[in-house]
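Asker: Given the sequences, and given the hints that come with them, work out the whole structure.
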Amino acid sequence: MSAPTVEAPRRALAWRPGPVALAGAVAVVLVIAGELVSPGFAGYGQLVNLMRVAAFLSVIAIGQTIVIIAGGGGVDLSVGKVATFAAIIGSRVMAGDDANIVPAVALALLVAAAIGLVNGLGVTLLRIPPFVMTLGMIGVVQGLILAYTGGQASGRAAPALTSLVNGRIVFDLPGLLFLWLLLGLLAVWLLRRTTFGWNLYAVGANRAAAELTGVRAGRTLILAYVLSATFAGLAGILLLGYTESVFLDLADQYMLPSVAAVVIGGTLLAGGIGGYAGTAVGAIVLTVLQGLLTTLDIGGAWRTIVNGVVLLVLLSLYGRQRRLRS
Amino acid sequence: MSALLEMTGVRKRYGGVQALDGASLTAVRGEVHALLGPNGSGKSTLDKTLAGTVVPDSGEIRIDGAEARIGGPRDAHALGIAAVYQQLSVVGDLTVTQNVVLGLEPARRLGFLDHRAARVRAATALERFAAAFSGRLPLDRPAASLGPGEQQIVEVAKALAREPRVLVLDEATASLHKEQVEVLFEVVRELRAAGVLVVFTSHRLDEVFALCDRATVLRNGRTVATVDLSSTTEDALVQLMVAAPAQTPVETPDAPQGASRHVEAPVSGRTAESGAVALVVRGLTTDRLRDVSFTVRAGEVLGLGGLQGQGQSELLLALFGAARITAGDALLDGKALPLTSPARAARAGVALVPGDRARQGMFASRPIQENLSLASMRRRARLKLALSAAAERRAARSMVERLSIKIGSLNDPVATLSGGNQQKVVIGKWLLDQPRVVLLDDPAKGVDVAAKEEIYAIVRGLAAEGAVVILNSSDNRELTELSDRVLVLFEGAVAEELTAASITENRLVSSALRLAPGETL
Ligand SMILES: Nc1ncnc2c1ncn2[C@@H]1O[C@H](COP(=O)(O)OP(=O)(O)OP(=O)(O)O)[C@@H](O)[C@H]1O
Ligand SMILES: [Mg+2]
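One line per chain: the protein sequences are Z and E, in this order. Residues 1 to 326 (our numbering) make up the first sequence, in order. Residues 327 to 847 (our numbering) make up the second sequence, in order.
Treat each hint with caution, since some may be false.
Unchecked claim - Output of the computed footprint for chain E on chain Z, the stretches with three or more beta carbons under 8 Å from beta carbons of chain E: (1) 209-215; (2) 275-281.
Stated by the list, open to error - Just the calculated beta-carbon pair ranges, DEER-fashion: (3) Z:G73 x E:T666: 20 to 28 Å; (4) Z:T304 x E:P468: 34 to 42 Å; (5) E:K504 x Z:V313: 49 to 57 Å.
To be clear, the hints were calculated from the coordinates, so they are not data collected in a lab. Yeah, the Cβ is synthetic: ideal placement off N, Cα and C, and Gly gets one too.
Answerer: This is the structure:
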C-alpha cells in the first residue's frame with residue numbers, strides 16, 4: 001500500500017510526559033519542598049550526600065529492573081540479602097589488604113551469580129513463582145551467611161576500595177557517583193543495544209511469541225536472575241567500600257525499595273515495558289523522600305504511610321498517561 | 327429510503343498518522359453495507375467511532391436523521407449499535423454464556439446475577455449459529471477452550487444479544503472456516519430481512535460480493551466511492567481500492583491505474599520443475615498428528631488442505647519444534663532437522679508465520695523495530711551480543727519498504743498498526759532471517775488485496791530462490807493459486823495428495839468434505 005506517512009512536526013504536540021519525566025519532576029518538587037521547610041536541604045553537599053545514598057539503591061535496582069522486565073511475575077526479593085552476603089565475603093577475603101581486592105571481588109560476585117543461577121533455574125525449570133523462589137532464597141542465603149561467619153562478620157574493606165568509593169575526584173564528587181554512572185550506562189546498553197536486552201523485552205511482552213520467534217526464553221530468564229544477583233553483589237561490594245566494615249544485615253533493607261524504585265521509574269510489573277533510566281530516577285525520588293521525612297523528623301508509621309501514598313499517586317498518574325496515549 | 331446511518335467528515339489522528347481524514351458513510355435500513363479499503367485505510371477506526379471506543383476529532387454522525395453523539399460504548403449501545411472488533415476480545419476464563427451476556431447481565435434485584443436468564447439469553451443468541459459449532463452449544467465451557475473460529479462466533483453472538491439496529495462486523499470472517507462463514511452469512515441475511523443495517527468489512531472480495539448490497543471504499547482515511555455491488559465488477563472494486571496510492575515508491579505512478587500491480591490476474595506460481603528433494607518428513611506423530619510422511623523439493627510450495635482444524639497448524643508447529651513429538655523425524659538436505667525447540671529449528675533455517683498473530687506472532691507493546699529485528703538480529707550482532715542501532719534500523723527499513731508496511735515511526739508499538747500491517751511485520755521478521763524452510767499458517771489473514779498479491783509474490787520468490795514452502799490456508803483460492811502440490815489432511819493424517827492439474831477449488835472442497843463422516847454433498 002502507500003508508503004509510511006510520517007508527519008514529524010505534529011508529534012511534538014502529541015508528546016505527553018512519560019513516567020521518567022513525571023518521576024523526575026516529583027524529585028525536583030521534593031527537593032524544593034525540602035529547601036522550603038528546611039533551608040540548606042538543597043545545598044550542594046547535602047544533594048551530593050543524597051545522591052550517594054541513592055547510588056547504592058540504584059545499583060541494586062539494576063538487576064531488579066532486568067528481572068521485572070522479563071515478565072511472568074518476575075521479581076527478585078533476594079537482592080538485599082545477596083548484597084549483604086557479597087559484602088561479607090568481600091570483607092573477609094580482603095581483610096583490609098589492597099592485594100586481596102581482585103580475588104575478594106571475584107569470589108563475592110561468583111557466589112552472587114551462583115545464587116542468581118539457582119533462582120533462575122528454580123523459576124524456569126521447576127516453574128516456581130519468582131516471588132516464592134526468591135523469598136525462599138532469602139532464608140537460604142541467611143543460613144549461608146550464618147554458616148560462613150558463625151554469627152560474627154570479620155575482615156575489613158581494602159583501603160583502595162574505600163578511596164575508590166568515597167574519594168573525591170572532580171567537583172568534590174565521590175567516586176561512587178562515577179561508578180554508578182558507569183554501571184547505569186552498562187545497564188542501559190545491555191537493555192537497549194544487545195540481543196539479550198531485546199530478547200528480554202520480547203519474553204516479557206509475550207513469552208509464547210518469543211519462543212515462536214526462536215528466542216531461547218528459558219536461557220534469557222536464567223540470565224536475568226544471574227545478572228540481578230550479580231548487580232546486587234556489586235552493590236554489596238560498593239557498600240562495603242563505603243562503610244569499611246560490615247554487619248550481618250548491611251543491605252537487607254534494600255529489598256522492597258529496589259522494587260519500588262523500578263515501579264516508580266515506570267517499568268511495568270507485568271513485564272515487557274520499562275528501562276533503567278526510570279529506575280535511576282525512581283531511586284532518587286525514594287531517597288530524596290526519605291531525606292525529607294528525616295529532616296521533618298517524621299518517623300515510624302507516618303513515614304511508611306507517606307511512602308505508600310507517594311507510590312500510589314505516581315502509579316495512578318502513570319495509569320492515566322497510558323490511557324491517554326492509547 | 328432515508329438513511330439510517332450517515333457519517334460525514336469524520337477525522338481522527340493518532341500521533342503522526344491521520345487514520346481518518348474526512349471519511350463518510352451513508353447506509354440504509356435492511357442493507358448489508360461493505361466497508362472496504364487497503365490495510366491502514368481507516369476501516370477499523372471508522373467502525374470504532376461508531377461503536378464508541380474511538381472518539382473522532384471531528385465529524386458528524388446521524389442515526390435516523392438525528393445527530394448522535396457517541397462518546398463511549400454505552401452511547402453506542404443506547405443507540406442500538408453493536409460491534410464485533412477485528413481483534414478477538416473474548417475473556418478466556420469466562421464461560422461462553424458469561425461472555426455473551428457480558429455487560430448486559432440480566433440482573434435480579436440487589437444486583438445478583440440471574441443465571442437462568444443469562445443462559446437463556448446466551449442460548450438464544452448462539453442457537454442461530456449451532457451449525458458452526460461441532461456438536462452441542464458449548465454454553466458452559468470456558469471460552470479459551472474454543473477454537474479461534476468458535477471464539478469469533480461467540481463474539482458475533484455477543485453483539486447479537488444486544489439486539490442491534492446497526493451491527494458492525496470488522497473482519498469477522500478472517501478466522502472462520504468456510505462452513506462457519508456460511509452459517510454467519512445466513513444469520514446476516516436474516517438480520518437484513520429484519521431491517522438491520524450490517525456494516526461488513528472483509529478483505530475477501532468473493533465474500534463481499536456474495537453477501538453485500540453496496541460498498542463504501544476508503545483510502546488513506548477518505549471515502550473514495552460508494553458503489554452498488556450488483557452493477558460493479560470485482561476488478562472495478564479493486565481499482566478503487568488500489569488506485570493512485572498516495573505515496574508509493576513503486577513503478578510509474580501515472581501508468582494506467584493498477585496496471586503495475588497484478589492484483590487480479592493470478593500469475594500462476596506453479597514451478598513445474600523443482601529442485602532436488604530438500605525436506606523429508608517421516609512418520610511424524612504427536613497427540614494430534616498421526617504418522618505424517620511426505621517430501622518436499624527445494625523450490626516447491628506444498629499446500630495443506632482439508633477442513634480446518636484437521637492438524638494443519640499442528641503439523642507446522644511440529645516442524646518448527648513447537649510440539650511434543652512422540653514419533654517420527656525430519657531431514658533437511660539430508661541432515662536431521664532438530665524438532666526439539668523453535669530456537670534450534672530457527673537456527674537450522676526454519677521459519678514459522680503462526681496462525682494466531684496476537685498470541686503467537688507479535689509483541690504488541692514493543693516497537694515495530696524490535697518486532698522486525700528479533701528473528702534475525704543474531705546474524706547482525708557483533709559477538710552475537712552487541713547490536714548496532716543503525717544496522718537494525720536499516721534491516722527494518724528494508725522490510726518496511728519491501729512489504730510496503732504502512733507505519734508512522736519504527737519506534738511506535740506494533741499494536742498501533744492496522745491488522746494487515748501487523749501481519750506484514752510478522753512475515754517480515756522471518757524474511758530477514760533468509761530461511762530455507764518457510765512454514766506459513768494463513769499468511770494472508772486480514773491482508774488487503776494488493777498486499778495479498780505482494781505476499782503471494784514473496785512466497786513465489788522464496789520458492790524460486792530454492793526455499794521449501796509449506797502453506798496452510800483457510801482460503802482455497804489461495805491454495806490453488808500458490809501450491810504445486812496439496813496434502814489434504816483429515817484427523818491428523820494425510821488423507822490424499824493432489825498434484826498440479828488436480829488442484830482446483832472444487833476438488834479441494836470435495837476432497838475435504840468427502841472424508842468428513844456422515845457428510846453429504
Ligand atoms: N491506537 C492507535 N495508535 C496509533 N495509530 C493507530 C491506532 N489505531 C490505528 N492507528 C493507525 O491508523 C491507521 C488506520 O488504522 P485502521 O486500523 O483503521 O486500518 P484498517 O483500515 O482497519 O486496516 P486493516 O485492513 O489492516 O485492518 C493505521 O495507519 C494505523 O496505524
Ligand atoms: Mg482493520
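Asker: Confirm or reject each hint.
Answerer: Results of checking the hints against the structure:
1. 209-215: Check passed, 7 qualifying residues.
2. 275-281: With 0 residues closer than 8 Å to chain E, the segment 275-281 of chain Z misses the three-residue bar; violated.
3. Z:G73 x E:T666: 20 to 28 Å: Holds: the Cβ-Cβ distance is about 27 Å, inside 20 to 28 Å.
4. Z:T304 x E:P468: 34 to 42 Å: 41 Å, holds
5. E:K504 x Z:V313: 49 to 57 Å: For K504 of chain E and V313 of chain Z the Cβ distance comes to about 54 Å; the hint holds.
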